[in-house]
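Use these hints to put chains B and C onto chain A, whose structure you have.
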Amino acid sequence: MKFGSMFSDVLPSLFASPMTELYPFERREPPARLRALLQWDREQCTGCGLCVMDCPAQALEILTLDRKAKRFVLTFHLDRCTFCSQCTYSCRQDSLRLSNQGWELAALSREPLTFVWGEAEDVRRALAGELPAEGGAPQAT
Amino acid sequence: MDVALDLLAMLIFPAGLTLLLLGLIYEWVDRKLLAQFQNRVGPRWFQPLADVVKLLAKEEVLPHGVNRWLFIGLPVVGLAGPLTAALYIPMAGLQPSNSFTGDLIVAVYLLSLLTLTMGLAGSNAIGRFSIIGATRTLTQLFSYEAPFLLALLGPALVAGSWQISEIIGSAGGRWLLLTQPVGFVVALIGLMGKLELPPFDAPEAETEIVAGALTEYSGRGLALFRIGRNVAMVVGLTLIAALYMGGIANPLAFVAKTLGLLVIVAALQAVLARLRIDQTVGLWWRYGALLVLLQWAVIIVARGGVS
Amino acid sequence: MVTREPLETFSVPIGPQHPALKEPGHFLISVDGEIVTDAVVRLGYAHRGIEKAAEGRNWVQNLYLVERICGICSHIHATAYSLGVERLAGVEVPPRAQTIRVLVAELERIHSHLLWLGVAAHEAGFETLFMYSWRDRETIMDALEGFTGNRVNYSVNLLGGVKVDVGGEQRTDILRALDHLEPRTHHYMNVVTTDALFLQRTRGIGVMTRSQAELMGAVGPTARASGVPRDVRVEAPYAAYGSYPLSMILDKRGDLEARFVVRLNELLECYRLVREILDTLPPGELQAKMPRRVPEGETVSRVEAPRGELFYFIKSNGTDKPERLKVRTPTVFNLMSVVKLAIGHQLADVPMILAGIDPCFSCNDRAILVQQSRGGPSLWTWEQLRRHGIEVYHGRRP
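Heads up: the sequence lines are chains A, B and C, in that order.
Going letter by letter, the first sequence gives residues 1 to 141 in our numbering.
Going letter by letter, the second sequence gives residues 1 to 307 in our numbering.
Going letter by letter, the third sequence gives residues 1 to 398 in our numbering.
Not one of these hints is a red herring.
Take a look, some chain A residues computed to stay more than 12 Å from chain B by CB distance:
1. Leu34
2. Met53
3. Arg67
4. Ser95
5. Val123
Only pairs whose alpha carbons sit at most 20 Å apart, straight line, appear in this in silico SDA-like list of lysine to any residue:
6. C:Lys52 x C:Lys326
7. A:Lys2 x C:Asn190
8. A:Lys2 x B:Ala267
9. A:Lys68 x A:Ser95
10. A:Lys2 x B:Leu291
11. C:Lys52 x A:Ala57
12. C:Lys289 x A:Asp94
13. C:Lys52 x C:Asn317
14. B:Lys54 x B:Ser218
15. C:Lys289 x A:Cys48
16. A:Lys2 x B:Gln279
17. C:Lys52 x C:Lys321
18. B:Lys58 x B:Gly73
19. A:Lys2 x C:Arg203
20. B:Lys32 x A:Ser17
21. C:Lys340 x C:Arg42
22. B:Lys32 x A:Phe15
23. C:Lys340 x C:Gln212
24. A:Lys68 x A:Gln44
Estimated spans, in silico, between C-beta atoms of each pair:
25. C:Gly389 x B:Asp278: 38 to 46 Å
26. B:Tyr287 x A:Phe25: 43 to 51 Å
27. C:Asp179 x B:Asn250: 47 to 55 Å
28. C:Arg387 x B:Glu59: 33 to 41 Å
29. C:Val300 x B:Arg40: 42 to 50 Å
30. B:Ala146 x C:His180: 41 to 49 Å
31. A:Phe15 x B:Glu59: 39 to 47 Å
32. B:Val41 x A:Lys2: 25 to 33 Å
33. A:Thr20 x B:Ala146: 40 to 48 Å
Don't read these hints as lab results, they were simulated from the structure.
Since the model is a prediction, treat every value here as computed from it, not as a measurement.
Just so it is clear, CB atoms sit at the ideal spot from N, CA and C, and this is done for glycine as well.
This is chain A alone, in the form it adopts within the complex (with noise of 0.2 Å):
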């Protein structure tokens, strides 16, 4: 029985440094294995969409304009993405990674947060709404 058992941790904080680290002042560099922003090697997909079908959040949307060609036009929705990584296990191209960098992310609107990648024209005509709007995860019930 006795009193104050946490003096021998108590005493010693009193002359050391907090062990707080004051955001954003102090930046820890983010561990190798961080799973932040998405990225997409255009090259390697083929446009299968296993990506879009496994993803929990329905992150992901695939639109082919020409599987041949491969020209497709992937957009990824920041704002759902819940990190979770099924979607580069599900890919047997490799063409998704998450990157560790990238994981300061907030954003005042969800405009940012929508990324829409593919060929520089093809994105142009996707963000002008000149293509259908299909090729989506399939809504759950």
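Frame of chain A, contents of chains B and C only:
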């Protein structure tokens, strides 16, 4: 001229505005020390001031079914108590502005006025958290008050007077905490009970009864109660430093001694867990009262009987 | 879920808007002065319809849905689900993958018990223990982040295996975290068993005898603290627990202090187990091939979450979506013990007793079908449900 000096003493220095400022500073020091003991950063220097400004700017919500005048008036009375008590103690190292025989008792009871008004404020409101909090506040008041008062009267017994300035004068710069260590310990821990600091924060146990007696308070009323508690902390620390640490001769000694006591109080807060209200009562009426009576017995025997 | 109407006395609500319970669960405590005379629990505030949502998502998507049933025990939910689905599909998971699953499960148990230590200390008013145990918990969170890629919701599981491997660097990180945590755990054990003020809040409070625990169906460390020898890892080893046997931590006293001691001892056992795994990891692949359509059938999956036995019932009808997913979490049973034990204690003890079972309210809210003696289950239309909701609350005191 006298009246003008009195008014100056009451409103600006050493009581009044200076005391309110000191209360905020001491609250910050207490919170920062507690954070440092817990290995974290703690608030910045203007945090208590920001809290007060924010609370004063908010709307005061009058709960349904309370007595309006009591609800608004009790915080004011609660603040007035410690502010008035400051007139009889050597604040900031200066002589007390008003001094008369028996002012030690008056000062201690003015300090308890704060706790009493919090208890009444809690009973005034209809919410269940307030009522339970008020019950606990008043129960705690009855448990620590007697040992606390007796511990403060220890130096009075030695000096043969109940006037604070005479007690300090007769001690003559001697540190009574060396000769009456038990009384000092009981007085310091009694102060923690009065201020409802951990481990005696059962009356405002956040994990059980939200905020205890002050649950229904917001805005100005809450700000006044919080300022009152800060002022009571400064006044209490000054009183104990003055009685047990050889008086306060100048502002530098005031700062050093009271901050030294604050470090000890913060360390005790960090290291001890919360007591249940029945355990608090048991602790004070068994060990607190026993220890202080033992101290009194030693004093009486050492002085060869009561004079 | 409401158990019954409370008796008409002075009642103090603990939750769901309570500042201390960081989760929404409502306990209506009737007090007489400071003594509790009655307690009624009401849940349902975190109901999200997960079991229904699972029926509309395919098997792979559901892996991540069930992971988010709880934040503290997310990996074990995903493991239970994966084990069940793999059993239905008849897929044999390579031993290295199973071992890595066990490794992450034990690391998760470490983080969960440290979290609980802090929260229970906070409920007792011992802020300093809360701050220091959570500071130490950061060590294991950083190790998990370096290993799996995220601090919470590790998403290590795949249907058929795991995603990540244990490399030299991860091994060093985890071992360094354990080296830091082991002396700290011994220190906390010392604090919890010898600090006089803390013992006043925990010794002899909330005593549950072994027969009471067995009657109320308590599971996990709560039951083991009353001497009930229930631990799924020992009784029905799953994943790789067959190769890594561990001892059950039991305590006879059944009070709050016993629950602290049991969980801290489990932490020490976890450290030993993790070290053993890191030393003897079997070689092999990380994933087995998994069909997209799972054959028809139903299966039951039982695992040991940090809070007790977690139970999954999975039914498949041969398509790529499950037909039925039923989750039974440990806190549901342990909550009943809180309601029974609280009576007769002081009001200040109730948060401590609640914290003693390590409640996880977000795990809790599944729909429970209670068969009453009059008539069988019935199906309500939306209109009937709405009308019932209005009538039930009409005239009830808020």
